[in-house]
Each structure stands twice: as C-alpha cells, then as structure tokens.
Amino acid sequence: MPGGNLRREWGRPLARTAMMAGGVTALIAWIGLLIVAVFDDRTTRDSSGSIMMLGLVASTLGVGLALSIIAARSGLTVIITGVVLAVGAAAGGWAVYSAMPEAGPDAFITHRAGLAALAYGFGVIGGGLIALAPFTLPAQTHHTELSQRTRRHICVLAAAVVLLAAAALAPAMQSWAELANLEARTASENHQTTPVDVDDSDLDSAHFFAHSGEFMPTPHGLLRLDHPGDRSPQAVTMVDPLHDPTAELEAAGFLGWRGGGNDDDGERWYHRRWNWTISQEPLLSDDRSLLALTGQRADHSARWQTRVLDTATGRVAGTVSSQGGPPGQLVAVGESALVYSSNRGNEVVYRSFAGGGSWELDAEPGCSLEAAGMNSTVVAAALSCAPSPDRSEVEDHVLGIDAGTGEVVWDWVSPEGATITQENFLVAGDMLVINSRVEQRVTDGPFSARGFENNLRGIDLATGEVEWTQRRQQFGRTHTSACGGTLHMGFAPSSGEADAPATFHLAQCFADQDRIGSRMGVRTYQVNDGDRVWRSSVRLGFTPTEMDTARSWVTALPDGRVLTTTDRSLDRTRPDCRIYRMEDGKAVRIHIEGDDALPANWCHEAEVGWMHNGAVISYRTEDDGGVIVVR
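Sequential numbering from 1 applies to the sequence shown in the working numbering.
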C-alpha cells in the first residue's frame with residue numbers, strides 16, 4: 001500500500017526527531033531545575049544544600065559529556081549514552097527521595113528536595129528518549145525524508161512541550177512538599193459548638209487537671225501550641241475539655257499528649273505545618289472566631305505567610321503571603337482581612353485573604369501604630385505620634401480608614417496626655433470603644449503611687465462621631481503601671497435577652513483604701529450608649545507587675561458575667577489563689593475541687609477564658625501547668 005509506506009517514511013523520522021529534541025530538552029530541564037533547587041531555596045534548617053550542589057556539578061558534567069557524544073556519534077553509542085544518563089538520574093532521584101525525612105516536629109521535607117526529585121525525573125525521561133530514539137529509524141536513513149524546516153518545527157514543538165511540562169510541574173512539586181509537611185484534621189459541621197451555650201452554665205464549680213503544654217482559651221475549646229520553643233512549627237490543636245471533663249481530659253489522654261494524635265485523644269481539630277515556623281504569638285480575631293498563625297518558611301527565610309483558621313472547625317479561611325520579608329507585626333484579624341504594623345512602625349498594612357484589595361497607609365514621621373481593629377468596611381487604627389518641632393507633647397490619633405481604598409475617612413485626636421493601647425481598643429459591630437487613659441503620678445520615688453484616669457468613648461466607625469463619653473472613670477491608686485485599666489468585650493447579649501445590648505467591661509487593680517493590700521475592680525458598661533450597668537471588686541494581695549498578667553486574670557462572658565482570678569495573700573511565699581464570678585454587682589467565690597494538688601501560686605501565670613459551655617483557666621508554673629474547668 002503506497003499510502004501506508006508513505007506514512008511510515010514520514011512517521012519514523014518525525015518520531016526520531018521529536019524524541020531526540022525532547023530528550024535533549026529534558027536534560028537541559030534537569031540541570032535547570034537542579035539549579036533552582038540549589039540556589040533559590042535558602043535553606044536555614046537543612047544541610048542538603050551542599051550535597052545537592054555536588055549532585056548539580058556531577059549532573060552538569062554528565063549532561064555536557066552526553067550532549068557532545070550525541071552530537072558526534074550515532075547508533076549504539078547514543079543508545080548506551082542515553083541508558084547511562086537514565087540510570088544515573090534514577091539513582092540520583094532515589095537518593096533524594098530516600099533522604100526525605102518523615103515530616104514532624106523536628107524534621108520536614110524541603111521544597112528543594114521536591115524540585116530535585118522532579119529534576120532527576122526529567123533526567124530519566126531525557127535519557128530514556130535519547131536511548132529509544134535510534135530504534136525508530138536506522139542511522140543510515142537519518143532525516144532523509146524530512147526537510148530542514150520540518151525538523152526545526154518538530155524540534156521547537158517537542159522542546160516547548162517539555163519546557164511547559166517542567167514549568168507546570170515545578171510549582172506542583174512545591175505544592176506536593178507543602179502537602180507532605182501538612183497534618184490536618186477538621187471538625188465536622190455537626191461538631192461545631194454554639195458560643196452562647198455558656199449562658200446556661202451556672203459557673204459555680206471548678207475542677208483541676210494537670211497538663212503539659214501552652215493553651216489559649218477560645219469559644220470552641222482550648223487552643224494548644226503543640227511544640228513551643230525557639231523555632232516553633234505552625235502546629236496547633238483545638239481540644240474541648242468541657243463536654244465531659246473527666247472522660248476527655250483523663251481517660252482520653254488529653255493531658256499527657258506529646259504528639260502523634262488519634263481519633264479518641266480529645267482533639268476537636270488540629271493543623272500542623274512542619275515546614276513553617278511561628279514568629280509571633282497566635283492572634284485571635286475580636287470575636288475569637290478566627291485564628292492567625294504568622295511565620296516564615298523554615299527552608300526559605302524570605303518567604304513569609306499568615307494562615308487564618310476557623311476556630312470552630314480548623315478549616316483554612318485564607319492565607320496571606322509575602323516575599324522578601326514579613327509585612328510587619330500582625331496586630332488585628334478581621335473577618336476577611338489582616339492588619340499589620342510595618343517594620344518601620346509608621347505604616348498601616350492591610351492585606352485581604354478573601355479576594356479583596358491590599359493597601360498600605362503611610363503615617364506622619366514619628367508616628368507608630370499602637371492598636372487596630374476593623375469591621376467589614378472600616379479599619380480603625382490608633383497611632384502614637386512623638387513630639388515634632390511644632391508640637392511639644394505626644395499626640396495620639398485614631399484614624400478611620402476605608403477598607404476598600406485605604407483612604408482616611410476620619411481622624412480623631414486624643415486629649416493631651418492620654419494614651420491608647422491595644423488592650424483598650426475594641427471594635428463591637430459598628431462601634432469603636434476606646435479607653436484614652438491618663439496615668440497620673442501622685443508621688444515620686446521607686447514605689448511612687450500612680451492613679452489612672454480612664455476616659456471611655458464610643459465612636460461610630462462609619463463617621464468618626466463620638467456617640468458617648470464616660471470621663472474620669474477612676475478606681476484608686478496603685479504602685480504598678482501594670483494595673484492600668486483594660487477593656488474586655490462581652491461579644492454578645494445574653495441568649496435569654498435577644499434584644500439586650502452588648503456590654504463591655506473595664507478591669508483594673510488598685511490599692512484598697514480600708515485595709516492593707518489591693519483589689520481587682522470591674523465596671524460594666526453598655527456598648528450602645530456607654531451607660532454603666534454594674535460594678536464590683538474583690539480583694540487582691542499579690543499585685544501583678546506585668547500588664548499581660550493583669551489582663552489575663554479577667555475575662556468577660558457573652559452574657560455579661562465576668563470571671564476573675566486573684567491571689568489574696570500579702571505574703572508571696574504563701575499564695576492564696578482564688579476564682580470569682582461577678583454578675584449584677586456581686587462577686588461569688590468558686591471553690592476548686594481537688595485543689596490540694598494545685599500549686600499554691602498557680603494564678604500568678606494564669607489566663608482566664610470562656611468557652612461554648614463554661615469557662616477555663618490555663619496556668620503555667622516553673623515546673624508544670626494545668627487546666628481548671630469551671631462549669
């Protein structure tokens with residue numbers, strides 16, 4: 001059949017040309033991908049770079065020698081050359097794959113390892129194509145039926161296919177490396193808890209359990225940082241000790257967890273990325289529904305990322321990436337965006353993780369971002385501006401910034417001498433609640449008495465108008481700046497009073513005027529009009545010297561109640577730690593069952609938080625830690 005002979009005469013030379021061109025291009029891709037793997041990923045915790053450099057040198061020499069042989073010889077010599085290349089590349093790929101560790105707290109699979117494995121894969125393909133190409137056509141009839149123009153077109157097409165495959169597979173292998181370093185389990189929808197269930201809890205009894213680890217209370221459970229340390233991986237776990245404390249904490253092995261995890265160890269969900277580190281403390285959104293983990297890739301110091309997780313299910317809500325360094329210190333988490341304070345401190349950096357825009361706002365020289373919060377349309381930012389040639393005092397500004405455009409829509413200036421911090425800056429729906437606090441030194445000396453004047457304001461986020469003001473809210477004198485008032489948001493009205501306004505609480509420790517020692521005072525206000533609802537206080541002997549400690553001793557529940565822990569003793573060698581529930585102006589002590597096993601000073605490093613159907617206190621001491629469940 002003449003037609004069939006014609007197709008064979010054209011088909012075999014065409015196949016041989018395509019295979020040779022594709023094979024040579026695959027060899028070039030082999031070297032190119034190895035170069036990227038060696039020089040692009042600046043590994044900081046992996047020693048494979050020098051080994052891969054040796055592999056790159058050997059591969060380059062081998063490919064160069066092979067190309068010179070292919071250009072000068074044909075037939076059996078080319079076949080042997082291709083086979084040697086394929087076998088050598090396969091050996092290199094197997095060596096890379098075998099050296100990959102099992103991802104975990106102390107090891108991870110680098111992106112360069114994935115790229116190197118892909119590179120050697122192209123070496124196997126290239127060597128194989130070159131070895132098989134001579135079998136398609138005898139050497140003496142090489143290219144006799146194809147014109148030079150046709151051969152050129154075939155070579156370009158074959159090379160393009162190989163290069164496109166390399167370009168597509170390189171990021172795919174990086175994605176594979178990410179997946180290989182990821183351990184994640186999400187909570188099912190029907191396992192989600194309802195935050196307002198805490199309203200049905202009496203909070204009149206507490207149970208103590210010993211544990212190892214660091215925890216952060218959230219509405220849906222205790223967030224555990226699995227492997228804290230100098231270079232902590234982004235590994236967090238959400239556990240729920242309130243469903244059945246004795247079963248989940250003791251029988252299920254929650255308290256003694258050291259890693260691994262299984263379906264019956266009390267974990268609601270976990271998210272562990274072994275090749276990403278945590279550069280700052282995990283940050284929760286104002287309503288604690290979202291969690292942000294910020295850090296750099298362990299094998300590339302210039303790659304930074306913030307991953308946002310849903311605290312109810314552990315699902316990824318969004319990711320914000322940056323190259324060349326971190327965008328700054330993360331200061332606020334919103335429902336669809338993040339706000340950073342730039343490394344210089346005078347820029348507000350906005351990054352959307354839900355498909356929105358991104359922008360940066362430059363503040364005046366000498367200004368630094370102190371606090372931020374946001375709703376869906378406006379970002380509120382508090383800036384502290386140092387004295388300038390035309391101003392003798394520090395001046396604090398609160399800016400309202402359009403979330404979509406980055407334009408400043410209003411500017412409120414704090415009265416002279418007042419300061420605004422993140423602890424005194426709350427966004428509640430369309431209202432911004434701030435405490436522009438004035439610290440007054442009453443006496444001089446190392447133990448000078450101080451007074452704090454708390455000036456509360458409710459500012460409409462859309463317009464910047466001050467809707468209400470509560471001036472000169474004072475508790476009493478103190479000897480430590482850590483006792484300065486801090487705000488705590490109640491998040492939502494009581495479930496039994498759907499139309500009741502949300503409340504916030506001002507907490508501060510101060511000197512007791514009637515006896516030796518101090519007191520922890522709490523005042524409750526309505527968000528919508530600033531009216532005070534009630535106030536209460538409990539005795540306090542040990543006075544915190546750190547602001548974080550004083551703030552973590554108090555938490556506000558969604559129904560308006562407040563839970564606080566104190567040390568009533570005046571003798572630091574004989575602590576007397578207690579838990580109190582405050583509501584409607586009354587303080588009731590909550591007794592802890594099994595408190596004989598508790599360290600006496602457990603409250604000195606304690607953090608109080610509320611969960612979906614109760615409250616929890618996580619504490620740390622020099623020797624151990626523990627969880628106190630309040631039901």
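Just so you know, these hints were derived from the structure itself, not from any lab. Every residue, glycine too, gets a C-beta built ideally from N, C-alpha and C. Some hints here could point you the wrong way.
Simulated restraints, written as ranges between beta carbons of each label pair [stated by the list, open to error]:
1) F39 <-> R185: 34 to 40 Å
2) R472 <-> E335: 32 to 38 Å
3) A168 <-> F39: 42 to 48 Å
Pairwise beta carbon distance, F39 to R185, judged against the given window 34 to 40 Å: Between F39 and R185, where Cβ atoms are some 36 Å apart, the hint holds.
A168 paired with F39, Cβ distance criterion 42 to 48 Å: Once the Cβ atoms are compared, 21 Å apart, the range 42 to 48 Å for F39 and A168 is violated.
CB-CB spacing for E335 and R472 relative to the 32 to 38 Å hint: holds, 35 Å
Going through the hint list in order, the structure does not satisfy hint 3, though it satisfies all others.
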